[in-house]
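Start from chain A and add chain B according to the hints.
Chains A and B, in that order, are what the protein sequence lines are.
Going by numbering that gives the first Met the number 0, the first sequence opens with residue 0, and the numbers climb by one from there.
Going by numbering that gives the first Met the number 0, the second sequence opens with residue 0, and the numbers climb by one from there.
Keep in mind that the hints were calculated from the coordinates and are not lab data.
Quantities reported herein were computed from a predicted structural model and do not represent experimental measurements.
Not one of these hints is a red herring.
Computed, partial: chain B to chain A, Cβ under 7 Å:
1. PHE96
2. GLY99
3. THR121
4. THR122
5. TYR159
So the derived list for chain B, only partly shown, Cβ under 10 Å to chain A, looks like this:
6. GLY65
7. SER89
8. SER120
9. ASP123
10. SER157
11. ASP160
Virtual Cβ for every residue (Gly too), placed ideally from N, Cα, C.
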Amino acid sequence: MLRRFISTILQIIVPCTLLIPSSLYAQSLTPVKVKQIAAPPSDMVSGLLALPDPASIPVESRSALIPVKHQLIDGQWKWTLPIKVLPRGARIVLLPTVHDSWLTHLVSPNQSVISTDISKNNILTTDPRVEIGTDVLAWVAPDREFAHLSILPGNAGSWTLTILSDHDASGFVLIDAGPENSLSTYIESLETIQNQPITLVSSFSDDARLSSLVAEITTPNGDVVTESANTGSSRITFFPAEHGSYSVRVTAIGVDSQGNQILLTTQHLVYAAEPAPLLQSPAVVELENHVQFRFSPSESTRRTILAAEVWGKSDGVFKPVSWISTIVGSERSLLLDKRWISLAGVSTNSLELRNIRLHDIDSFVPIELIDRIPTPINKLSLPKSPLSITQDMLTGSVMKTVPTPVPPQIVQSVGPGHRLMLIHGYCTDANPFPLSHFSGDLAVFEDFNQSRTHDQFALNILAQSAPMKSFGVVAHSQGGNASLHLLNFYWSGLDWADGGNRRIQTVGSPYSGTALAGNAAVLGNIFGFGCGENESLNYTGSANWLSLIPTASRQQVYFHTTSFEDGFGFDYCNIITDLLLSDPDDGVIERSAGQLSSANNMGHLEDWCHTTGMRDPAQCTDVSRNTIMNQEAKR
Amino acid sequence: MKYKSVIVPVLLLTSTVSAVDICVSPNDLIPDNGSAAVVPIFISATGNEVIDTVSLDLILNHEWVGDLHIQLRSPSGTIITLLDRPGLPSTGFPGPFGCGGHDIVCTFTDIAVIPAESVCSTTDSPVIAGLVIPSQPMDTFHGEVVEGAWELIVNDMSPYDSGEIVQVCLTITTDTLCTADLNSDGDLNFFDVSAFLSAFSNNDPIADFNNDGDYNFFDISVFLAAFTTGC
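Isolated chain A (complex conformation) (with noise of 0.2 Å):
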């Protein structure tokens, strides 16, 4: 028995120990196989594989995160806000740059002052119309606390913030005050390329009228320009001269239809892709069981991801055919079955490609758009139609590799086994999983404390499980979205679990994004980021995400989601982060972006937050929802 405890303990340490640090990755590329990814017409009639209408897929806040700019007044630092609380009550988090810069005195409309200094743990105040306290920025800078403050309900008038210090010690304040409209603002085209304006549309709720829109932003190498909206005007403009992220801070005043000033903000993480050469029309090469769409090639040898849509006449009309896709390198093809020819059942003289897109492979934006472009074919030898769709007809039945940037193998870390991977998140510095809840052979994935994109994940993933036969998933968070990348773009042990129901069991993944990425880009600036920027996380990169993600990979996904504990009174998970996101949420993910339409939705609870440290206890923890992800597990 001990013997047996010892060794399952050392089949899961020394994979930890083998690992090495990210700084150490390899330049070098190593042939990984890709899939030839191949999805039926029902996934492209019902829209499930096309880009979103940004619009659709907007920041919305009902909060405002104001820059504090102290100015020098009679030998004191000192920034002043004037605050009018409405019937609803207001709530303020202080954000200094430094912990203890600051000492905040609030001032009620008598006149009362409320004093907090947090440097002092000063906190505490016998006011009856405010509730003060301290709270960490879940998944921002979640080793910090900061000061929260609430003006309770039934307080209206003109408050005063005043934030004082003995230098200029600059930070933000995020407040959630005033009428109870909401800040809508999207990216005006998903095509968000270097040298490429890129507009910004903002609105509020409830017809208010938007009065001046101001953006501020941080360009890649860390310049902050500001841009103006003109005078009526809903829409930003600014020119990202370089590739990369650029946060963005929208401010919007206006009036509600009551007469009401409304101040609010949205925080936006925008990536501005790098370029790529022009795809241009494909030679449409016949191969013995394929069609290959052979576009102009790339010199360089940097991934991204191709995908279209094939169409084909049948009597006349266009029907479609099916959308296929994979990762490309320098060489850039897509190669389609010819069964689906034969499926569909249309002549080959009539082939087109439509809708033709370059995604880059971190970010997902669309770095080139082709509506369609005629593929003719005089001549095909086609196969009998099969009785029915084949899994190698949405994988793929040709093991083509691409060159890529993969972390250093763990040459022999766990046995060739069969096994269930515990995935963390982003930015996590442990296992989110006890592993008392689990059993048989396991793995524990580690990349603690690193901001990866879903492909950087992915390939980690792969890179940890290659001693391993097969593997099944158990992931928190973003290692959701990191496994169904890696089950949908390469090919892995994933694809070969077996022994259970479930391939991927996900909590709490943000499939559709979070509103905290954009958030994280414009306070990460002031506070620094222990694991980095994320594109991958906000809401447009996951929808672009999304768009390359076919129904036959999504149902592999069982996904479970959580909430606070919904009872009377005021509810949150982290009280700061829930100024940011809507309501429900985890404290990080919102209910709504952590559906994945397609999969195995396994429920919702309530009373579970995202991660520990948070008001109810952390959705990994939950011992009974860990034993029959355990019990269902493929391996």
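Below, chain B without anything else, positioned relative to chain A:
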């Protein structure tokens, strides 16, 4: 062990071709990452029957066919590889475990069009099914004697997955040599007798009909017996 034998005669000018079809159902476990599982198949035949074609039907349960290295040994000692860890060597990262599909229900034959090692699927079970081309051609056995102990040798080359050999059927078509047709014209007649006598008088080895190295009455007797039996 159960033997089944079916002989179907086919007339040729210089020889007869028969089919020998023998099945064994050993239900032998294949040692995981260990020693080989060997299935003997004994075939009895007339001494002058030689191999024309060979095919092998195999029913084998295994959780990971990429572990398997399968060979066939003839009574003459010739060994060919039927399957060599499908999916290996790996064409790219990751590896190196090969095809992870389950089970084999197939016929290894040179007349198939799909190589056994090219068949792999994450969903089909059995993963190797139908007519498949072996790694090395069955034609390697052509012309060897049929009779004797054949062996199917199955090795599991990687740990964690195991299996068993359920049934093996060996189908061999044979040529029966017509030894008395010495001038190989397809007929037995005076010219064959003349050819024998000429060879006999010249101590030509083809006249040594009993293979004893001597040229005497016993060779004449065996020749006459073969001549009388016909082809």
